[in-house]
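Student: Residues per chain, in single letters:
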Amino acid sequence: MKLTGAEILIECLKREGVKTIFALPGGVVLKIFDILHQQKDIEVVLTRHEQGAGHMAEGYAKATGKAGVCLVTSGPGMTNVITALADAYMDSVPVVCFSGQVPTSLIGNDAFQEADNVGLSRPCTKYNFLVKDVKDLAITIKEAFYIATTGRPGPVLVDIPKDVSMDKAEFSYPSSVSIRSYNPVYEGNKWQIKQAADAMTKAKKPVLYVGGGVIFSGASQELMELAELTHMPVDMTLMGLGAFPGEHPQSMGMLGMHGTYWANMVMHYSDLVVAIGARFDDRVTGKVSEFCPHAKVIHIDIDPTSIRKNVNVDIPIVGDCKMVLRELIQILRATVNGDQRELRKPWWNQIQEWQQAHPLTYQQEADGPIKPQHVIRRLYDLTKDRDPIVSTDVGQHQMWAAQYFKMAKPNRWLTSGGLGTMGFGFPAAMGAQAAFPGRLVLCIAGDGSIQMNMQEMATAVVHKLPVKIIVLNNRFHGMVRQWQDLFYEGRYASSYLETTPDFVKLAEAYGAVGLRTNKPSEIDDVIKEAIAVNKPVIVDVPTYPYENCYPMIPAGGCNHEMILEDPPALKNKQPGSGQVVPKDSDTILTA
Amino acid sequence: MEHIISITVENKFGLLSRVAGLFSGRGFNIESLSVAPTLDPSMSQMTIVTSGDERIIEQIVKQLNKLIDVIKVVDLNESDFVSRETALIKVHTRPEDRAEALRIADIFRANVIDSTPATYTIEITGDPRKIEAIINLLQPLGIKELTRTGRVAVARESIRSTDVQAKKVARE
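Chains as they are written, first to last, in my numbering: chain A, 2 to 592; chain B, 22 to 193.
FYI, nobody ran anything at the bench for these hints, they're computed from the structure.
Idealized CB from N, CA, C, for every residue including glycine.
A few of these clues could be false.
Lysine to aspartate or glutamate pairs mimicking DMTMM-like chemistry, simulated, CA-CA at most 20 Å apart [claimed, not checked]:
{"id": "1", "chain 1": "B", "residue 1": "83", "chain 2": "A", "residue 2": "315"}
{"id": "2", "chain 1": "B", "residue 1": "83", "chain 2": "A", "residue 2": "282"}
{"id": "3", "chain 1": "A", "residue 1": "310", "chain 2": "B", "residue 2": "96"}
{"id": "4", "chain 1": "A", "residue 1": "310", "chain 2": "B", "residue 2": "75"}
{"id": "5", "chain 1": "B", "residue 1": "33", "chain 2": "A", "residue 2": "134"}
{"id": "6", "chain 1": "A", "residue 1": "15", "chain 2": "A", "residue 2": "171"}
{"id": "7", "chain 1": "B", "residue 1": "83", "chain 2": "A", "residue 2": "304"}
Reference listing, derived: stretches of chain B covered by chain A, where coverage requires no fewer than 3 residues with Cβ under 8 Å from a Cβ of chain A [as the list claims (entries may be wrong)]:
{"id": "8", "region": "38 to 47"}
{"id": "9", "region": "69 to 83"}
{"id": "10", "region": "89 to 99"}
Could you build the full structure based on these sequences and the hints that come with them?
Tutor: Structure, rendered in structure tokens:
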């Protein structure tokens, strides 16, 4: 039977098991929307901006482990979704994005709403296609899903000209696909794995350094087995949070620029770093020349380009984390005889000393201004039993969330790591909520970043996505202000927002629920109230504006040289000589 | 150090921009690039001359391999190879220089492929040093135009094919 391109697209999506797509229409994709409108298997979430659609697809993908799908129109639709594609590319999120294109006869003519979609997205997608003939559409979509979800996952763009969506072709969906030039390696080299096992049994001060790759390959169970078998401490990257339970005694929490003191000390003084699905980002290594000076490095990663890109590696293993860990465990089971605990006792004594020396701290006075860390701590305590999905935006609140909100399981932590995209959190949370309507989905945001995709509140209300947004409202771009205080003598160049909207009224204007407290004693109540409502909620929490996020390794600094608290000049700072000072009165403009 | 990288790719539109974009986006250097179809018209052969230290070359090879349309990448510097380049040189010749121009072409076994009363167009093929040398000699006469193909290269065939086998195993 002959189908139009638009019908073929929808049939393909159904066969790929797609239940939800995040989309915004336009001239050249009208045919596709028309077909979508006449079927019931796929829900269309109409977003208010294409960037929102892209991030929702990311949130959906991160929470489910399956590809997230978005659909945008040509020209501005495409350029708007680029940020989300770039974000997905940096964080290896499987997203398939369909974009409309002007009819093939007009391509290159500077037609209305024309953009070179393939050219624009080339550096920020894993692969992209321009479909020039409707006969190629089905196989292209099959390949797009295959490329997005295999190997190191990533975003794939399929650009569909208007005439291709209208033309007809015989439809058959290939059951499998093979691309001669694309063959990801899943099985690690056996000899290398044996070398790694050998190094791991001998090491006195080893550390497991795990990243998002463990989550994407579904290797958390194996990681747990490996960690307990070898009795090694587990450092997690920002993307790796949830790969190992945050409250497990062997969890060191997050490492890197705002990681825990002990997580960074463990790295610096270790004699063996076992990197699993992590990529030695500059936020983790600090000064590369002094990174892990005493350690041998084992690096397990599915992407060969990650290996030896930033640091030298002694034992590289290219392969899928889950498969490699299984083999490692098998070898170690035979060779480790319960003596690892004894061998590593001095190492653990040292770690405990570090943990006691500089725990994560903040001072919350009972009637003082609310400290942002305290809000996250309370949020964690009050919601952890409900196994929530937590998204964040980017900035101070993100780092505090990473420090204080301990993820117990994988696929629950949605954050923008590589690209650091403000405005990611809310739409990502909505994508996760669309995938899991019954679950509790929290979005921890700042007052700066929530305003970057605020318009999606309309989408959340219409599609009944009851995401709970907690805005830590300090009237600043907080991380920028922190750097200005530490490195620019407190000159707050464009970091003070002067006015933030009344988030309570804003939520109500959209038909959502707005709540607020500025008393530490009321935090619990307001959180409980938010959770009880079956609607999107913004909880506006005005916080102390000058709180800084520690520990901190200054950019380019060495991992064991952390700033642990405000330097003396900043303590009891009378902020901004001659600068505007946020007062409580402008904290809440209308309350 | 200079490396010659030979790449077999899918003969698809936009392929060149993927390869060129990879080099510019990651700050790698392209000294020359040549591309043409292979015996199998679905594939193209690219030869890229680039430079960098060991780590950069390793990254270039890995990143090229990571491109979906790239079928095979060989860093020719890992073995023995032969490389050639062709240049077309249009030389200005005053009547008294014409014999000298022909003599130079003859010494380098170059061909004169076009001639006018005031110019010769000389075709020369060889390794880059040979081409540099003839350019240096022709320059005093006055070079009007110069166009070079960029280098192409192939690995030398090993005399004993068992050597190739052994190398493959070792690398794995």
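Student: For each hint, tell me whether it holds in the structure or not.
Tutor: Verification of the supplied hints:
{"no.": "1", "hint": "B:83 x A:315", "verdict": "17 Å, holds"}
{"no.": "2", "hint": "B:83 x A:282", "verdict": "18 Å, holds"}
{"no.": "3", "hint": "A:310 x B:96", "verdict": "18 Å, holds"}
{"no.": "4", "hint": "A:310 x B:75", "verdict": "11 Å, holds"}
{"no.": "5", "hint": "B:33 x A:134", "verdict": "14 Å, holds"}
{"no.": "6", "hint": "A:15 x A:171", "verdict": "17 Å, holds"}
{"no.": "7", "hint": "B:83 x A:304", "verdict": "9 Å, holds"}
{"no.": "8", "hint": "38 to 47", "verdict": "holds (count 4)"}
{"no.": "9", "hint": "69 to 83", "verdict": "holds (count 4)"}
{"no.": "10", "hint": "89 to 99", "verdict": "holds (count 4)"}
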